[in-house]
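Peer 1: Hey, can you work out the whole structure from these sequences and the hints?
Protein chains in written order, with the working numbering: chain A, 56 to 312; chain B, 1009 to 1315.
These are calculated hints, taken from the structure and not from any lab test. By construction, the Cβ of each residue, glycine as well, lies at the ideal position given by its N, Cα and C atoms. Careful: at least some of the hints might be erroneous.
[Claimed, not checked] Not everything, but these chain B residues come out facing chain A in the computed CB check (under 10 Å):
no.: 1; residue: Ala1077
no.: 2; residue: Val1240
no.: 3; residue: Met1241
no.: 4; residue: Gln1266
no.: 5; residue: Ala1269
no.: 6; residue: Thr1271
no.: 7; residue: Gly1272
no.: 8; residue: Ala1290
no.: 9; residue: Leu1293
no.: 10; residue: Ser1308
no.: 11; residue: Gly1314
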Amino acid sequence: MARRALLIATLLTAFAAPAHAEQLVVSLSNHRVAVTSNFDGEDLVLFGTIEPDRPQSAMRGTYDLVVTVTGPRHTLRTRRKDRVLGIWVNADTREFVRVPSYLGILSNRPVNEIANAETARRLQLGLNNFLLPQAIGPDTADTVRDDPFRTAFVKLETQYGLYRESPIAVTFLTPTVFRVAIPMPANAPTGSYGIDVQLFGGGQPLARTQTALEVIKAGIEQFIADAARDYGLLYGILTSLMALVIGWIGSVVFRRD
Amino acid sequence: MQIYLPIADLPVNIFLVLGMGLAVGFISGMFGIGGGFLMTPLLIFVGIPPAVAVASVTSHIAASSFTGALSYWRKRAIDLALAMMLLSSGILGTATGVYLFTLLREVDQLDLVIGLSYVTLLTTVGALMIKESVQAELRTRKGQAATLRRPGSHNWVHGLPLKMRFKRSKIYVSAIPVWGIGFTIGFIGAILGIGGGFLLVPMLIYFLRVPTATVIGTSMVLTLVTMASATVMHAATNHLVDALLALILIVGGVIGAQFGARTGQTMRAERLRLLLGLLVFAVGLRFAFELVVQPDELFSIRLVRGE
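Peer 2: Right, dumping it as C-alpha cells:
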C-alpha cells in the first residue's frame, strides 16, 4: 500500500567527503513516520543521488548501495526450551544486549556480491555480519555466526518482520539516482531510527552518509500503551472501573427480575 | 477487521476476539461461572502472550462477576459478613499471586507454571465433576432421589478455634478456613487469570457448609473484588493489562452471558455439571498436550528492558 506519497522536503548531506571522492546526497520525504493501528507495513521512501568524482563517461563500473536502518536499542532475552522430565520448559537463556529493535539491511543486490567477506564483516553488511552482542558473564560479545541462539534470535525477529534483509529494496533510477524502500511494519517500535547509507564501487567502500527518522505511533492504541507504561496504577484503576461500569450496564440492560 | 492490541503488541481480528468473548460469556452464563479458566487458555491458544492473557482476563472476570453479584444482591442472596471475611485474606492472596507472577516472569518460567497449574487444576476438577455428575445421573436412572451428599454435619473444619457466626448463611465456623479459602482463591486467580468460582463454590459448600441460597452470590463478591484488585496490581507492577483486549472481551462476555443463562435454565442440573466437567477436563488435556509435545519453535524472545 503505497498511499503515502512521499515528497522530498529536506535535503541532508551529512557526509563530509574528502576531495576527489564520490558524494552521497540523500533525502527522506518525512522524518516523522506515524504508525497507526491499521498500518499494515508500508514502505517509507528514501531518495538519493551520487555525485561522482569524475565525469560520468569515465565512471568506474556501477555503484552498489547498502542501507542499514536501525531502530531504538533494547535488551532482549532469548530462551530455549528443552525436555525436562517429559515436559518442555525454558531451560537455557541468552541476553542480547542493546540490540536494535528494528534492523533493515537493504541493498540493490545480495551483500555478498557487493563486497568480499572481510569487508562485509568489517562494515557489518547483512544480518549475518551485524553485531548482536550477547551478555557472556560480565562481558558482552557477539558470538560466532552459526551460534544457535543468534540464529534463532535473527529468525524470530525476521518472522516478526522486525529484522529483514532485502537485496531488492534499493533501485537505481539512473546510474546515479537511487530510491530506497524502507519497510515499516505495524509493530515497528517508536523512537528514533538511524539510517546508514554506504556506497560501494568495485567491492570497495566509496562514501557513507547518515540520516535519521522518528517513528511515532498515533491513535488510541499508542495512547493506551503509553498510559499503561507511564501511569500503571491509574491505568489499572481506570481499566477496573471500565469493567465495573460495563458489568453494571449489562445488569441494567438485561435485568430479568 | 484488524485492530492492534497495544499491550499484547499484535494485530488481531476484532470479530475473533468479540466472538471468543461471546462464546465464553455464553458458557459462563449457562453454568453460572466466571469463565476465566476458558477465556485465558483461549487467548493463549490464539497467540496472545500468556502473561498478557492472564493480566487482561482479570478485568473481564471482574465485569462478569459484577453483573452476577448485582443480580444476587437484588435477590438478597449475598452474605456480606462472610464475603468481607473472605476478602480480608483474598486481597492478600491476590497481592502474593501478583508478586509471584512477577518473580516467575523474571526467571522465564511463568508460562511453564501457568501451563502446569492449568493441567493439574483442570484435569482434577474436571474428573471430579464428571464422576460426581455421572453418579448422580445413574442414581436418577435407578429411580432414587438425586440428593446432594452431605456427610456428617460436622467435620474437622468445625473443630477449629476462632469461631464466628454468619447470620445470613446461618453458619457458625472458625475464621481460619474462611481466611485460608479466601487467600487460596485470590492467589490462584492472580497467577492463572481465573476468578476461581468453580473452586470456590465447592469449597464453601464442603468446608464451610454455606447453604446454596447464599453460596454463589457470596462467591461472586469475592471474585469481583479479587479480580478488580488483580487488574490494578497487574497494571501497576507488570504493565501487562491490555485495556483494548479487555474491553472487547467484556462487551462480548456480558452479552453472551445473557443468552447462556437462558439456555442453562432449560437444562437439568446434572446434565449441566457433566457438560461443564467435560469442558474443564478437555481444556486441561489441551494444556497437557502443549507441555508434552515438542513445540514447533523451541526458542522465544522476551523484552528485558528498553532504552
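Peer 1: With 10 Å as the cut and Cβ atoms as the points, is glycine 1272(B) at the interface with chain A?
Peer 2: Hint on glycine 1272(B): violated, closest Cβ of chain A at ~13 Å, above 10 Å.
Peer 1: Would the hint on serine 1308(B) stand, with a C-beta cut-off of 10 Å toward chain A?
Peer 2: This interface hint holds because 5 Å falls under the 10 Å limit.
Peer 1: For the hint on methionine 1241(B), does the least C-beta distance to chain A fall short of 10 Å?
Peer 2: holds (7 Å)
Peer 1: Is the interface hint for threonine 1271(B) satisfied, with its Cβ closer than 10 Å to some Cβ of chain A?
Peer 2: violated (14 Å)
Peer 1: Given alanine 1290(B) as an interface hint, is the shortest Cβ-Cβ distance to chain A below 10 Å?
Peer 2: violated (19 Å)
Peer 1: Would you settle whether the hint for leucine 1293(B) is holds or violated, based on the nearest Cβ-Cβ distance to chain A being less than 10 Å?
Peer 2: Status violated, d = 14 Å.
Peer 1: Does alanine 1077(B) hold up as a contact with chain A if the rule is Cβ-Cβ below 10 Å?
Peer 2: Hint on alanine 1077(B): holds, closest Cβ of chain A at ~8 Å, below 10 Å.
Peer 1: Does glycine 1314(B) meet its interface restraint, that is, does its C-beta lie within less than 10 Å of any C-beta in chain A?
Peer 2: At 5 Å from the nearest chain A Cβ, glycine 1314(B) passes the 10 Å test, so the hint holds.
Peer 1: So, alanine 1269(B) near chain A? Judge it on the closest CB pair being under 10 Å.
Peer 2: Hint holds; alanine 1269(B) Cβ to chain A Cβ min 8 Å, cut 10 Å.
Peer 1: Does the interface hint hold: is glutamine 1266(B) within less than 10 Å of chain A, judged Cβ to Cβ?
Peer 2: Hint holds; glutamine 1266(B) Cβ to chain A Cβ min 4 Å, cut 10 Å.
Peer 1: Does valine 1240(B) hold up as a contact with chain A if the rule is Cβ-Cβ below 10 Å?
Peer 2: Since chain A brings a Cβ to about 4 Å from valine 1240(B), closer than 10 Å, the hint holds.
Going through the hint list in order, the structure does not satisfy hints 6, 7, 8 and 9.
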